[in-house]
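Student: Read off the chains here:
There are 2 protein chains.
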Amino acid sequence: MNNYIEKNRDKFLNELLDLIRIPSVSADSKFKQDMIRAAEFVRDRISEAGADKVEIYQTPGHPIVYGEKIIDPSLPTVLVYGHYDVQPADPYELWDSPPFEPVIKNERIYARGACDDKGQFYMHVKALETMLATDSLTCNIKIMIEGEEEVGSSHLETFVKENRELLKCDTILISDTSMIANDVPSIETGLRGLTYLEVEVVGANRDLHSGVYGGGVANPINVLCEMIASLKDENGHITIPGFYDNVEELTGSQRAALNAAPFDLEEYKKDLSIEDVAGERGYTTIERVSVRPTLDVNGIWGGYIGEGAKTVLPSKANAKISMRLVPNQTDQEICDLFTAHFKSIAPASVKVSVVPHHGGLPYVTPTDSLEYHAAELAMEESFGKKPIPTRGGGSIPIVALFEQELGRKSILMGFGLDIDGLHGPNESYGLFNYFKGIETIPLFFKHYAKLKKGE
Amino acid sequence: MNNYIEKNRDKFLNELLDLIRIPSVSADSKFKQDMIRAAEFVRDRISEAGADKVEIYQTPGHPIVYGEKIIDPSLPTVLVYGHYDVQPADPYELWDSPPFEPVIKNERIYARGACDDKGQFYMHVKALETMLATDSLTCNIKIMIEGEEEVGSSHLETFVKENRELLKCDTILISDTSMIANDVPSIETGLRGLTYLEVEVVGANRDLHSGVYGGGVANPINVLCEMIASLKDENGHITIPGFYDNVEELTGSQRAALNAAPFDLEEYKKDLSIEDVAGERGYTTIERVSVRPTLDVNGIWGGYIGEGAKTVLPSKANAKISMRLVPNQTDQEICDLFTAHFKSIAPASVKVSVVPHHGGLPYVTPTDSLEYHAAELAMEESFGKKPIPTRGGGSIPIVALFEQELGRKSILMGFGLDIDGLHGPNESYGLFNYFKGIETIPLFFKHYAKLKKGE
Numbered sequence: 032m033n034n035y036i037e038k039n040r041d042k043f044l045n046e047l048l049d050l051i052r053i054p055s056v057s058a059d060s061k062f063k064q065d066m067i068r069a070a071e072f073v074r075d076r077i078s079e080a081g082a083d084k085v086e087i088y089q090t091p092g093h094p095i096v097y098g099e100k101i102i103d104p105s106l107p108t109v110l111v112y113g114h115y116d117v118q119p120a121d122p123y124e125l126w127d128s129p130p131f132e133p134v135i136k137n138e139r140i141y142a143r144g145a146c147d148d149k150g151q152f153y154m155h156v157k158a159l160e161t162m163l164a165t166d167s168l169t170c171n172i173k174i175m176i177e178g179e180e181e182v183g184s185s186h187l188e189t190f191v192k193e194n195r196e197l198l199k200c201d202t203i204l205i206s207d208t209s210m211i212a213n214d215v216p217s218i219e220t221g222l223r224g225l226t227y228l229e230v231e232v233v234g235a236n237r238d239l240h241s242g243v244y245g246g247g248v249a250n251p252i253n254v255l256c257e258m259i260a261s262l263k264d265e266n267g268h269i270t271i272p273g274f275y276d277n278v279e280e281l282t283g284s285q286r287a288a289l290n291a292a293p294f295d296l297e298e299y300k301k302d303l304s305i306e307d308v309a310g311e312r313g314y315t316t317i318e319r320v321s322v323r324p325t326l327d328v329n330g331i332w333g334g335y336i337g338e339g340a341k342t343v344l345p346s347k348a349n350a351k352i353s354m355r356l357v358p359n360q361t362d363q364e365i366c367d368l369f370t371a372h373f374k375s376i377a378p379a380s381v382k383v384s385v386v387p388h389h390g391g392l393p394y395v396t397p398t399d400s401l402e403y404h405a406a407e408l409a410m411e412e413s414f415g416k417k418p419i420p421t422r423g424g425g426s427i428p429i430v431a432l433f434e435q436e437l438g439r440k441s442i443l444m445g446f447g448l449d450i451d452g453l454h455g456p457n458e459s460y461g462l463f464n465y466f467k468g469i470e471t472i473p474l475f476f477k478h479y480a481k482l483k484k485g486e
Numbered sequence: 032m033n034n035y036i037e038k039n040r041d042k043f044l045n046e047l048l049d050l051i052r053i054p055s056v057s058a059d060s061k062f063k064q065d066m067i068r069a070a071e072f073v074r075d076r077i078s079e080a081g082a083d084k085v086e087i088y089q090t091p092g093h094p095i096v097y098g099e100k101i102i103d104p105s106l107p108t109v110l111v112y113g114h115y116d117v118q119p120a121d122p123y124e125l126w127d128s129p130p131f132e133p134v135i136k137n138e139r140i141y142a143r144g145a146c147d148d149k150g151q152f153y154m155h156v157k158a159l160e161t162m163l164a165t166d167s168l169t170c171n172i173k174i175m176i177e178g179e180e181e182v183g184s185s186h187l188e189t190f191v192k193e194n195r196e197l198l199k200c201d202t203i204l205i206s207d208t209s210m211i212a213n214d215v216p217s218i219e220t221g222l223r224g225l226t227y228l229e230v231e232v233v234g235a236n237r238d239l240h241s242g243v244y245g246g247g248v249a250n251p252i253n254v255l256c257e258m259i260a261s262l263k264d265e266n267g268h269i270t271i272p273g274f275y276d277n278v279e280e281l282t283g284s285q286r287a288a289l290n291a292a293p294f295d296l297e298e299y300k301k302d303l304s305i306e307d308v309a310g311e312r313g314y315t316t317i318e319r320v321s322v323r324p325t326l327d328v329n330g331i332w333g334g335y336i337g338e339g340a341k342t343v344l345p346s347k348a349n350a351k352i353s354m355r356l357v358p359n360q361t362d363q364e365i366c367d368l369f370t371a372h373f374k375s376i377a378p379a380s381v382k383v384s385v386v387p388h389h390g391g392l393p394y395v396t397p398t399d400s401l402e403y404h405a406a407e408l409a410m411e412e413s414f415g416k417k418p419i420p421t422r423g424g425g426s427i428p429i430v431a432l433f434e435q436e437l438g439r440k441s442i443l444m445g446f447g448l449d450i451d452g453l454h455g456p457n458e459s460y461g462l463f464n465y466f467k468g469i470e471t472i473p474l475f476f477k478h479y480a481k482l483k484k485g486e
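Chains as they are written, first to last, in this note's numbering: chain A, 32 to 486; chain B, 32 to 486.
Please keep in mind that the hints were generated in silico from the structure rather than gathered at the bench. Don't take each hint at face value.
All copies of an identical chain are treated as equivalent in the list; a pair is satisfied when it fits inside any one copy or across any two copies.
Claimed, not checked - Only pairs whose alpha carbons sit at most 35 Å apart, straight line, appear in this in silico DSBU-like list of lysine-lysine:
{"no.": "1", "residue 1": "Lys61", "residue 2": "Lys347"}
{"no.": "2", "residue 1": "Lys301", "residue 2": "Lys382"}
{"no.": "3", "residue 1": "Lys63", "residue 2": "Lys347"}
{"no.": "4", "residue 1": "Lys301", "residue 2": "Lys374"}
Could you put together the complete structure from these sequences and hints?
Tutor: Right under this line is the structure:
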């Protein structure tokens, strides 16, 4: 198999670059046509790889691509999941090269989606091609690539609920997470959930002169800042009543295990050019970014933001706010708690509205399952080192739903690194990681089939 | 004179509309050519009105237009001041018609600059034309129209300092303020000062994934909100140490006089569509917007502000913050206090910078001067009612400088109304006010000359 991968190295890379060139930003409706182009591209490549029944399923949002290769109904079936949509590339001016014109530098691909998740899911398409071309596929495979992961997977949710039979499988394999380092392979065994909302604070019915009205009429920006500031106390605890009620506190030994993973705080600060980390008092950085919930403002705007000065007392101010959730919080519960609290703290001088964007449940996978062992063996074989289990801070909202609707756990065998800069400018993905993924995925199928057979 | 004004009504209006059509936004460098066009337009109209020595004076910023008519060196000289620059028209989408295409509706001109200050200073150009055409000018007149009032008049400051002889005068007349109502004429006897700054809070050296880093690294938006919120206490008092040290507290009778002006709180709230006013505890709305200092965020931005959701932990957040000042605060003192305090409250997890934009001193004019009496008599003659003295909340930074450099007080005989919506979308100016101003200004010259002669 490695021979086939080596021989097709240029082709595998160029196809990925072509996919990356399609600006498939799901959040922004001006990219709707590009989303369709991306779905068609993915459909055609999955088909060429040798899958059957390859189809685009329309949804009220962006389409879902599905294909399968059932070689023997008695063999185990692996459902591969990924997403062809990407985060918006804003702010464009911070990119060193245009986000949708991939550039290869220092053995890394620089472009929006290079890693998340085009680079990672496309490894599966190429792994499938490799296994079929070398006649080494050992399990049935179903592959489903959606276009709404970055906006909450809401239509995939309906699709999964309505297509339980089609998606029936023994386990689910996903590459959309990171490892500790190229020489410290790891597997994420948990994901945080997410609640994402947009808030608006409205004062007067029009923008006002800050001299004529200033001091006498509520300024929605000041009020929004005060409301946001009040959402955390001086210890970094979130003040929304009930917010922590369902948070699972780790035991002392669980915390010790988590903190045993290699982590160099000085290197971490140096990499980010910060003098100090910040966060909830009483927890380490590793804990803060994985097993503790958060509340972050992802965007804020109001008033005059052009060049120079404008002495305006604006009519309104807005913010996008998200919370990362941990077991056993639910996105619906937190969305409701946030909304009720945020409205309750609004002063009478303004009107406040809260619009939920999307959410997802947190997720934890056990490390004693057959599929986890298969992933462990596959990475050990390709990296030469047993991977470390970690808890991830990100969210893949659909994973909890897969468990609920399909009754199956997902394996998060991701090949990214923290330095990939997901969601930010100059996102990148190592060529090493891309080809190592294509090499490792068939090993997962091999070990999984063996373990299922009880060998 | 009124006959001449009546006969030239259409011409007077159309010229103003032509002036308004030039988008002379001083804050934004993309309007630089329009600023030059506006200056040339003003120069040509002042010249046509009959002034001598009409010239454009270049500055390192936007040009100053100056002209004069010295009819008799033994007569008193009035310096008229105004500005041809306007505030940015953003946000354009909130305008009912394009901001630089004036529309007349319900006897009002709708456009950026309709009132502030094109409509108001152009009354002086037309009043000059009227007085010269009807041979009724009773004082010498100097007219100076600048292009940087909305950005702090910094180059006018230098120009005034360097041209004390040119600008020598007995008093200064300015129409850039408001009256209480068309049937309640008033004259502003004070202006607030201004300190305008821009702040930036920087966290990590790049935008981060809010899942991978969220909870462990400072979010500059959250930090900025917390810093801004901390600038006021629960009583609406500004918490910057020393901020109130030089604030002049009014006596009980001064406060009573101020609050005796006609003001209907219910009407005020209804006009703004707000449930409640807001501000510093212990002061009335009239006091809050005139004799008390303020701190308002005029603009804020950070992170993702496009459509949909982006789970980014941004690298930085910015805000434009201004403070209106009252006697005897100085803009330099407050700028220094703000900067030192804002930097001192920044947590170690972020870097903070503060850039001053511009400022101006607060100003108070006595009501027992000859020039104030002249303005009072002029308005009484044209409105049929004696004007009420008020304290304005806005700022005209150059007024304090005129006093300092030219040794003269300014008379703020403005004809605007609060409903004109200065600095906001759909700014407007009443036709009644425009023509009433042209009618009243020559009366000021008449009464001022008489009073100076001791008649």
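Student: With reference to the structure, classify each hint as holding or not holding.
Tutor: Right, here's what the structure says about each hint:
Within a single copy, Lys61 and Lys347 get their C-alpha atoms as close as 25 Å, and across copies as close as 26 Å, so both meet the 35 Å cut-off. When the C-alpha separation of Lys301 and Lys382 is checked against a cutoff of 35 Å, the pair qualifies only between copies, where the shortest distance is 14 Å, while the shortest distance within a copy is 43 Å. Proximity of Lys63 and Lys347 under a CA criterion of 35 Å is satisfied in both settings, with 29 Å inside one chain copy and 30 Å between copies. In the homo-oligomer, the alpha carbons of Lys301 and Lys374 lie at most 35 Å apart only across protomers (22 Å), although the nearest pairing inside one protomer, at 40 Å, exceeds that limit.
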